[in-house]
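**Q** Based on these hints, arrange chain B on the given structure of chain A.
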Amino acid sequence: SQKIEQNSEALNIQEGKTATLTCNYTNYSPAYLQWYRQDPGRGPVFLLLIRENEKEKRKERLKVTFDTTLKQSLFHITASQPADSATYLCALVTPNDYKLSFGAGTTVTVRA
Amino acid sequence: EAQVTQNPRYLITVTGKKLTVTCSQNMNHEYMSWYRQDPGLGLRQIYYSMNVEVTDKGDVPEGYKVSRKEKRNFPLILESPSPNQTSLYFCASSFAGRTEAFFGQGTRLTVV
Chain A
60 SQKIEQNSEA
70 LNIQEGKTAT
80 LTCNYTNYSP
90 AYLQWYRQDP
100 GRGPVFLLLI
110 RENEKEKRKE
120 RLKVTFDTTL
130 KQSLFHITAS
140 QPADSATYLC
150 ALVTPNDYKL
160 SFGAGTTVTV
170 RA
Chain B
53 EAQVTQNPRY
63 LITVTGKKLT
73 VTCSQNMNHE
83 YMSWYRQDPG
93 LGLRQIYYSM
103 NVEVTDKGDV
113 PEGYKVSRKE
123 KRNFPLILES
133 PSPNQTSLYF
143 CASSFAGRTE
153 AFFGQGTRLT
163 VV
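Chains A and B, in that order, give the protein sequences. Going by the working numbering, the first residue of the first sequence is number 60, and it counts up by one from there. Going by the working numbering, the first residue of the second sequence is number 53, and it counts up by one from there.
Isolated chain A, as found in the complex (with noise of 0.2 Å):
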């Protein structure tokens, strides 16, 4: 069966440090993978996207990897701050389709 797994359901890390947050995916053959921020309460809001013909794609401190052979995704925040404490979530975009099917997500809070 297809599935998409978030490495944990929390990460709490230091303030300046760097979050790396991993998405795994088994059964998917996806055009796009796209990394969303939810905050409590409120609808996602899109971070990133990459194709799957890109390797990296960085956006002011975050920067996303994507590896069609491993299967793997990996979503980095550098120098974190408080206010990148978020659940974030992962989704895949199948080609035929497009449909955008979510992990359950990976919750970062930042210690100042």
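No lab work stands behind these hints, which were simulated from the structure alone. Ideal placement from N, C-alpha and C gives every residue a C-beta, glycine not left out.
In silico lysine-lysine, DSS-like type, Cα no more than 27 Å apart, as pairs: (1) A:Lys158 with B:Lys123; (2) B:Lys123 with B:Lys109; (3) B:Lys109 with B:Lys121; (4) B:Lys109 with A:Lys62; (5) B:Lys117 with A:Lys158; (6) B:Lys121 with A:Lys158; (7) A:Lys62 with B:Lys117; (8) B:Lys109 with A:Lys158; (9) A:Lys76 with A:Lys122; (10) B:Lys109 with A:Lys130.
Some chain A residues close to chain B (C-beta under 8 Å, calculated; not the full set): (11) Pro103; (12) Phe105; (13) Tyr157; (14) Lys158; (15) Phe161; (16) Gly164.
**A** This is chain B only, laid out in the frame that chain A set:
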């Protein structure tokens, strides 16, 4: 302002009483979808629509109906709600998955 608007934000209803949650987007997106979010299960797709009059089942469609008579609107209908449909619901829209998805503010539904 680009947005997806859901109504109502909060709803408490009784078992069996039909209800509709509305969703409207102002970005001329072809693709719209409904998700439910439950603790530990993440976002699961209920139904999606690739364009007007084109809808299809997602991962958890049982107990739900949708319609897409106009491009901007995609209502979610619960004909006979049951307590297991108590959840946080999100509507989303995008340009067919090739770009970011925009999510509504969410509708917290409680069925007693």
